[in-house]
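J.: Chains as they are written, first to last, in the working numbering: chain S, 1 to 470; chain U, 1 to 470.
Among the hints, erroneous ones may be present.
Unchecked claim - Computed beta-carbon distance windows for the label pairs:
{"id": "1", "chain 1": "S", "residue 1": "G104", "chain 2": "U", "residue 2": "A264", "range": "45 to 51 Å"}
{"id": "2", "chain 1": "S", "residue 1": "G101", "chain 2": "U", "residue 2": "A423", "range": "31 to 37 Å"}
{"id": "3", "chain 1": "U", "residue 1": "E415", "chain 2": "S", "residue 2": "H122", "range": "31 to 37 Å"}
{"id": "4", "chain 1": "U", "residue 1": "D369", "chain 2": "S", "residue 2": "Q179", "range": "56 to 62 Å"}
{"id": "5", "chain 1": "U", "residue 1": "D369", "chain 2": "S", "residue 2": "G101", "range": "52 to 58 Å"}
{"id": "6", "chain 1": "U", "residue 1": "E137", "chain 2": "S", "residue 2": "A462", "range": "51 to 57 Å"}
{"id": "7", "chain 1": "S", "residue 1": "D438", "chain 2": "U", "residue 2": "V221", "range": "44 to 50 Å"}
{"id": "8", "chain 1": "U", "residue 1": "D412", "chain 2": "S", "residue 2": "G206", "range": "42 to 48 Å"}
{"id": "9", "chain 1": "S", "residue 1": "E351", "chain 2": "U", "residue 2": "G47", "range": "41 to 47 Å"}
{"id": "10", "chain 1": "U", "residue 1": "R434", "chain 2": "S", "residue 2": "S222", "range": "32 to 38 Å"}
{"id": "11", "chain 1": "U", "residue 1": "R456", "chain 2": "S", "residue 2": "G310", "range": "28 to 34 Å"}
{"id": "12", "chain 1": "U", "residue 1": "S222", "chain 2": "S", "residue 2": "D369", "range": "28 to 34 Å"}
To be verified - According to the in silico footprint, chain S covers these stretches of chain U (three or more CB under 8 Å from chain S):
{"id": "13", "stretch": "112-118"}
{"id": "14", "stretch": "161-167"}
{"id": "15", "stretch": "439-453"}
As the list claims (entries may be wrong) - Here are a few chain U residues that sit away from chain S, every Cβ distance over 12 Å (derived from the structure):
{"id": "16", "residue": "L135"}
{"id": "17", "residue": "E177"}
{"id": "18", "residue": "R323"}
The hints are simulated quantities; they were obtained by calculation from the structure and are not laboratory data. The structure displayed is predicted, hence computed values, not measured ones. Note that beta-carbon positions come from the ideal geometry of N, C-alpha and C, so glycine has one too.
Single-letter residue listing:
2 protein chains.
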Amino acid sequence: MRPASLRALALAVGILTLAACAGRRPLDPRTAVYPPPRLPEIEVQGGRLDPGGAEWFWVEDHDVPLIRLYLAVRGGEVYDPPELAGLARVASLAWRTGGAGDLGPEEFDRALENRGMDLSVHLGRDKGWITLTVLPEDLDRGLDLLAKLLWEPALRADRVDWAKAQVAEALRREADEPQSLGFREMRRALFRGHPRGRVPTEETVGRIGRDDLVALHRRLVSEGTWALGAVGDFEPEALRERLAARFGRLPGRGGAFPLLTPPAEPQPTVVIVPKALPQTTVIWARIGPERLSEDFAALEVCDHVLGSGGFTARLVREIRSNRGLAYSVGSFYQALPRFGVLGAYGLTKTESAGDVVDLMRAEIRNLADGITAAEVEEARRSLVTRHVFRYDDPANLVRDRLENLLDGLPLDLGERYPDEVAAVTLEAARRAARRHLDPARGVWVLVGDLDPADPRWGRMGAVEVVTPGE
Amino acid sequence: MRPASLRALALAVGILTLAACAGRRPLDPRTAVYPPPRLPEIEVQGGRLDPGGAEWFWVEDHDVPLIRLYLAVRGGEVYDPPELAGLARVASLAWRTGGAGDLGPEEFDRALENRGMDLSVHLGRDKGWITLTVLPEDLDRGLDLLAKLLWEPALRADRVDWAKAQVAEALRREADEPQSLGFREMRRALFRGHPRGRVPTEETVGRIGRDDLVALHRRLVSEGTWALGAVGDFEPEALRERLAARFGRLPGRGGAFPLLTPPAEPQPTVVIVPKALPQTTVIWARIGPERLSEDFAALEVCDHVLGSGGFTARLVREIRSNRGLAYSVGSFYQALPRFGVLGAYGLTKTESAGDVVDLMRAEIRNLADGITAAEVEEARRSLVTRHVFRYDDPANLVRDRLENLLDGLPLDLGERYPDEVAAVTLEAARRAARRHLDPARGVWVLVGDLDPADPRWGRMGAVEVVTPGE
Chain S
1 MRPASLRALA
11 LAVGILTLAA
21 CAGRRPLDPR
31 TAVYPPPRLP
41 EIEVQGGRLD
51 PGGAEWFWVE
61 DHDVPLIRLY
71 LAVRGGEVYD
81 PPELAGLARV
91 ASLAWRTGGA
101 GDLGPEEFDR
111 ALENRGMDLS
121 VHLGRDKGWI
131 TLTVLPEDLD
141 RGLDLLAKLL
151 WEPALRADRV
161 DWAKAQVAEA
171 LRREADEPQS
181 LGFREMRRAL
191 FRGHPRGRVP
201 TEETVGRIGR
211 DDLVALHRRL
221 VSEGTWALGA
231 VGDFEPEALR
241 ERLAARFGRL
251 PGRGGAFPLL
261 TPPAEPQPTV
271 VIVPKALPQT
281 TVIWARIGPE
291 RLSEDFAALE
301 VCDHVLGSGG
311 FTARLVREIR
321 SNRGLAYSVG
331 SFYQALPRFG
341 VLGAYGLTKT
351 ESAGDVVDLM
361 RAEIRNLADG
371 ITAAEVEEAR
381 RSLVTRHVFR
391 YDDPANLVRD
401 RLENLLDGLP
411 LDLGERYPDE
421 VAAVTLEAAR
431 RAARRHLDPA
441 RGVWVLVGDL
451 DPADPRWGRM
461 GAVEVVTPGE
Chain U
1 MRPASLRALA
11 LAVGILTLAA
21 CAGRRPLDPR
31 TAVYPPPRLP
41 EIEVQGGRLD
51 PGGAEWFWVE
61 DHDVPLIRLY
71 LAVRGGEVYD
81 PPELAGLARV
91 ASLAWRTGGA
101 GDLGPEEFDR
111 ALENRGMDLS
121 VHLGRDKGWI
131 TLTVLPEDLD
141 RGLDLLAKLL
151 WEPALRADRV
161 DWAKAQVAEA
171 LRREADEPQS
181 LGFREMRRAL
191 FRGHPRGRVP
201 TEETVGRIGR
211 DDLVALHRRL
221 VSEGTWALGA
231 VGDFEPEALR
241 ERLAARFGRL
251 PGRGGAFPLL
261 TPPAEPQPTV
271 VIVPKALPQT
281 TVIWARIGPE
291 RLSEDFAALE
301 VCDHVLGSGG
311 FTARLVREIR
321 SNRGLAYSVG
331 SFYQALPRFG
341 VLGAYGLTKT
351 ESAGDVVDLM
361 RAEIRNLADG
371 ITAAEVEEAR
381 RSLVTRHVFR
391 YDDPANLVRD
401 RLENLLDGLP
411 LDLGERYPDE
421 VAAVTLEAAR
431 RAARRHLDPA
441 RGVWVLVGDL
451 DPADPRWGRM
461 GAVEVVTPGE
């Protein structure tokens with residue numbers, strides 16, 4: 001076994017000292033600071049490509065002869081003009097596949113695949129990612145193609161039409177898939193009047209033209225906030241020079257894609273999406289605390305105990321294991337820069353939908369009073385261990401850095417996480433549960449063969465019926 | 001950049017020598033041996049836990065303080081008694097979640113989650129995997145739980161009933177999901193009368209009792225072929241001792257789960273699965289060459305050119321990119337120990353289903369004459385590069401070793417792959433395509449709102465209509 005890192009040693013010594021001070025009594029789980037597992041000794045390096053130039057982060061890893069490059073940019077679906085919702089999705093497809101510079105679409109694909117390279121473009125919810133994977137000996141060729149794609153994409157009209165058809169098709173399929181449909185309607189209801197709640201339709205996608213993609217591309221490469229990441233088998237200074245030569249002239253921070261402001265939480269609402277299916281999808285969601293909130297770590301613990309923590313999580317144990325009512329059940333908490341989203345979901349036979357809703361409400365409501373010191377301790381330990389898993393692929397660490405930078409968050413949140421979680425007390429978990437886990441707030445979405453007039457829905461909030469596929 | 005490995009150097013020297021011999025003429029792509037990328041210097045170690053004991057394979061990797069253990073066993077769905085099809089699936093769920101030894105289900109879960117450990121059981125098509133992930137300091141605790149689970153699972157009747165309900169529910173959902181349904185019916189039609197073609201139904205699952213799980217467990221731990229794997233932050237000799245103490249007394253190779261014999265290829269068949277959906281799923285499949293066949297590598301290349309190779313693959317380019325007919329399209333080739341499965345698939349609007357079938361047939365049929373030297377070269381390069389990706393997680397290498405051992409295949413197939421692929425000539429690819437890529441053979445499965453009496457289906461084979469959900 002390798003020697004513990006300095007950091008882990010320091011932590012261990014701290015814990016032992018605490019225990020010694022306590023006169024060798026067993027640690028009280030309600031107050032004990034659980035010794036977190038040592039974090040791996042993988043360090044992400046950071047710097048600028050040129051003085052005043054773009055920032056980049058890297059991990060050297062010579063185990064496998066591959067280089068993975070990440071170009072991250074602020075921008076994505078939430079910045080689509082409302083009347084053109086779907087623009088970022090269309091661009092994701094048309095940008096990469098339309099050729100670039102002097103290379104037509106097929107020539108561009110062949111130039112990549114001829115060397116086994118992988119180059120992809122994905123504009124997500126609020127960030128775009130261009131990723132390149134190459135063998136070290138193909139680095140220059142790969143960077144040339146990446147530069148062409150970045151600065152001179154063809155965005156050919158025929159590829160735009162093709163991409164629009166693909167996106168429209170995906171929207172139709174989404175409407176056929178109860179869980180996708182449920183989460184889409186959850187977003188629409190929870191973020192009403194907020195960019196995150198905008199959902200593309202066939203109509204908005206139909207309006208998109210090549211000019212819109214050209215304008216989006218111009219904004220992405222000239223105003224957004226960019227950063228680069230690299231993982232793998234390279235020599236940093238040589239790579240920095242190459243990146244600086246091609247991407248060093250990135251513009252500074254722009255204001256074109258500002259961080260989203262927190263949405264107002266909607267009035268309690270029950271959205272019924274009628275679907276003739278034997279299964280009903282149940283989703284509850286509300287606005288939650290942001291990443292830097294004092295409740296962040298405590299809510300991570302609560303979420304773990306409620307439904308994210310595997311077999312022993314309360315929703316799973318009570319609804320799935322003990323009663324066999326749900327095929328799938330759990331909870332979620334996603335902390336964004338200025339707000340978060342939290343909730344729970346279950347998938348059940350339609351005749352059990354009411355029971356599952358009642359059980360979910362009870363488990364959510366009871367957490368504040370019912371959560372135990374043992375559960376908090378288990379959750380702390382488990383969350384920290386799972387965090388260690390992220391280090392198993394150094395690309396996760398680099399991507400975390402890029403996200404934090406673009407989100408305006410401290411870069412070292414990943415390193416802070418174990419201590420944040422280890423410090424959560426039973427009291428803090430109860431407080432977070434009281435503040436945030438309230439099933440009477442937020443939105444419920446039910447996708448299935450249900451009667452919207454059933455009075456039990458009306459008792460939970462204003463009932464809305466949404467017809468799928470629009 | 002780190003110095004190239006000896007192996008890569010030797011290859012590079014070989015190539016340079018060849019080029020020099022050729023008098024510096026450009027390499028002829030029809031005959032050139034393309035220089036493969038160097039393989040990573042990750043070596044899997046192998047040995048026996050005790051003299052005459054079980055085999056194990058390991059990769060030491062101290063980057064991240066985690067240990068991943070794999071216990072692989074021959075056995076799985078294809079060995080289910082026909083009247084109890086689904087037994088392995090039920091066992092996968094009930095085994096892990098039912099408690100073990102002196103620990104009830106909740107105690108067992110808590111003992112794991114209290115230390116953030118992950119322990120899972122998955123009985124797949126022909127192999128079972130029990131995996132354990134622990135922090136190094138929790139190794140002994142984790143091994144104790146693994147041993148309990150292995151030798152003393154409770155297999156409680158109430159958990160068996162719960163698992164049966166879960167599996168039955170999954171079967172109903174599978175029938176609602178056109179692609180899962182399509183591949184299920186493909187298996188049933190392609191492997192008729194063969195264990196691989198058996199599909200569980202609610203009826204066969206309903207018949208399963210606790211005794212059947214007890215009997216399966218007894219066969220798995222007393223007759224099957226077992227092996228262990230380990231990846232991560234451990235000292236091999238110390239780990240070997242611990243594993244030998246708990247699992248060293250594994251029985252030798254048993255005959256209870258023999259390798260499957262190759263199935264007879266069915267008469268050309270068109271299976272229509274009527275579903276009132278706007279999309280039609282099209283699948284073609286036939287029996288293909290085994291892993292050790294002389295056609296294996298050449299068919300890998302053909303499959304890549306036909307539909308697995310990304311944007312430049314023929315099916316993707318012709319059907320998806322150029323004509324925009326398919327939302328998703330591609331091909332597949334899976335080489336098993338004594339036979340393989342190959343095929344192609346497409347997902348399209350129902351009104352285009354006939355056109356997509358015709359285009360797929362044409363592209364499959366035309367590959368033997370149409371494949372070019374440039375395509376073969378690109379495929380070789382790309383396949384070898386993708387192979388390098390597997391080395392990015394050393395667990396892949398250990399699992400490959402375990403699979404090869406259980407399948408009775410040479411252990412070093414992973415290391416051989418680049419040379420096998422690099423040696424594929426245009427002639428070999430054409431020969432493999434002529435032998436195996438014949439759309440007039442095998443089965444076609446169409447899931448969608450189609451007229452079974454349409455004469456075009458009858459021209460492709462015997463038409464069968466299958467009602468989903470049974």
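J.: Broken hints, numbered, in rising order?
T.: Hints 4, 5, 8, 9, 10, 11, 12, 15, 16, 17, 18 are the ones this structure does not satisfy, whereas the remaining hints hold.
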